[in-house]
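S.K.: Sequence:
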Amino acid sequence: MCKDLKLIEKIKDEKVIPCSAETELLLRKASKSGLVDYVPGSNNFSLKENIEISSQQKKALDVVHTVFSKIETTGIQKTLNSAVFDVLKTIVVYPVEDETKFCNKDGVVFPDAKLLVDGSTAKDLAAIIHADIAKGFLHAIDCKTKQRIGAEHKLKNGDVVKIVSTLSRG
Numbered sequence: 001m002c003k004d005l006k007l008i009e010k011i012k013d014e015k016v017i018p019c020s021a022e023t024e025l026l027l028r029k030a031s032k033s034g035l036v037d038y039v040p041g042s043n044n045f046s047l048k049e050n051i052e053i054s055s056q057q058k059k060a061l062d063v064v065h066t067v068f069s070k071i072e073t074t075g076i077q078k079t080l081n082s083a084v085f086d087v088l089k090t091i092v093v094y095p096v097e098d099e100t101k102f103c104n105k106d107g108v109v110f111p112d113a114k115l116l117v118d119g120s121t122a123k124d125l126a127a128i129i130h131a132d133i134a135k136g137f138l139h140a141i142d143c144k145t146k147q148r149i150g151a152e153h154k155l156k157n158g159d160v161v162k163i164v165s166t167l168s169r170g
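To convert, note that position 167 of the sequence shown is 167 in our numbering; the numbers rise steadily by one, no gaps.
These aren't lab readings, by the way, just hints derived from the structure by calculation.
Do not take every clue at face value.
Stated by the list, open to error - DEER-style ranges, computed between Cβ atoms: (1) I53 with V92: 33 to 39 angstroms; (2) K105 with I53: 45 to 51 angstroms; (3) V92 with S69: 29 to 35 angstroms; (4) K29 with G150: 44 to 50 angstroms; (5) T79 with L47: 52 to 58 angstroms; (6) S168 with A113: 17 to 23 angstroms; (7) H139 with N50: 52 to 58 angstroms; (8) G150 with S69: 26 to 32 angstroms; (9) E152 with K70: 43 to 49 angstroms; (10) I53 with K89: 39 to 45 angstroms; (11) E152 with K58: 17 to 23 angstroms.
Said to hold, decoys possible - Once the Cα atoms are required to be at most 27 angstroms apart in a straight line, the calculated DSSO-like pairs of lysine-lysine come out as: (12) K123 with K105; (13) K146 with K105; (14) K156 with K105; (15) K78 with K29; (16) K154 with K144; (17) K70 with K58; (18) K70 with K59; (19) K89 with K154; (20) K15 with K70; (21) K59 with K101; (22) K156 with K144; (23) K89 with K29; (24) K144 with K162.
Quick reminder that beta carbons are idealized off the backbone N, C-alpha and C, glycines included.
Produce the entire structure from the sequences given, and follow the hints as far as they go.
M.R.: Structure follows, in structure tokens:
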């Protein structure tokens with residue numbers, strides 16, 4: 001954590017995300033070892049029931065509470081999200097095969113998520129899925145609105161899309 005007020009003043013106009021990698025690592029290790037329930041990026045964790053912890057472990061978890069009280073989360077997930085979405089300008093799109101159930105042919109709901117450059121089109125998504133699907137591209141379906149969209153339709157973050165093609169994979 002930054003204690004140097006001069007440094008804070010110097011970087012006040014920059015995008016800064018306070019973070020603690022050490023706290024994130026501690027929580028992930030504690031979660032992996034079965035001591036706590038923790039979802040990366042969340043602003044809390046809970047001690048598993050019927051778990052005895054040592055005084056050293058309690059001290060470490062108290063440090064985590066202190067970090068959370070000052071910066072809300074470990075900041076690591078927020079930093080990664082900022083790098084991917086803000087700096088690299090990407091969006092997440094969910095390709096599906098069944099536009100009503102949002103699943104693949106095996107019934108797995110939201111089976112995939114694709115990171116695309118902001119401004120990518122439905123045909124770009126088809127090409128990322130498979131070159132043959134892009135070659136036979138007819139149209140796509142915006143699964144949320146149930147509307148047909150063309151090859152040059154610009155996708156938005158969070159879109160759920162079915163690609164309709166004359167060709168299939170491989």
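S.K.: Would you check the hint for K154 and K144, treating anything up to 27 angstroms between C-alpha atoms as holding?
M.R.: 15 angstroms, holds
S.K.: Are K105 and I53 spaced within 45 to 51 angstroms by their CB atoms?
M.R.: Cβ of K105 to Cβ of I53: about 46 angstroms, so the range 45 to 51 angstroms holds.
S.K.: Just to be careful, I want the Cα atoms of K144 and K162 compared with a cutoff of 27 angstroms; is the pair within it?
M.R.: Roughly 10 angstroms separates the two Cα atoms, so the pair holds.
S.K.: Is K78 close enough to K29, meaning Cα to Cα at most 27 angstroms?
M.R.: Holds - the C-alpha atoms of K29 and K78 are around 19 angstroms apart, at most 27 angstroms.
S.K.: Can the suggested window of 29 to 35 angstroms be confirmed for the beta-carbon pair V92 and S69?
M.R.: Taking Cβ atoms as reference, V92 and S69 lie about 31 angstroms apart, which means the hint holds.
S.K.: Regarding the pair K89 and K29, is the alpha-carbon distance no greater than 27 angstroms?
M.R.: 31 angstroms, violated
S.K.: Would the pair K123 and K105 pass a check requiring their Cα atoms to be no farther apart than 27 angstroms?
M.R.: 21 angstroms, holds
S.K.: Compare the distance between the alpha carbons of K156 and K105 with 27 angstroms, and conclude whether the hinted pair is satisfied.
M.R.: At roughly 24 angstroms apart (the allowed maximum being 27 angstroms), K105 and K156 satisfy the hint.
S.K.: Quick check: does the Cβ-Cβ distance between G150 and S69 fall within 26 to 32 angstroms?
M.R.: Between G150 and S69, where Cβ atoms are some 51 angstroms apart, the hint is violated.
S.K.: Between K70 and K59, is the straight-line Cα distance small enough, at 27 angstroms or below?
M.R.: 17 angstroms, holds
S.K.: If you check the beta carbons of E152 and K58, does the distance land in 17 to 23 angstroms?
M.R.: Between E152 and K58, where Cβ atoms are some 58 angstroms apart, the hint is violated.
S.K.: Are the Cα atoms of K156 and K144 separated by 27 angstroms or less?
M.R.: 12 angstroms, holds
Violated hints for the displayed structure, listed by number in ascending order: 5, 8, 11, 21, 23.
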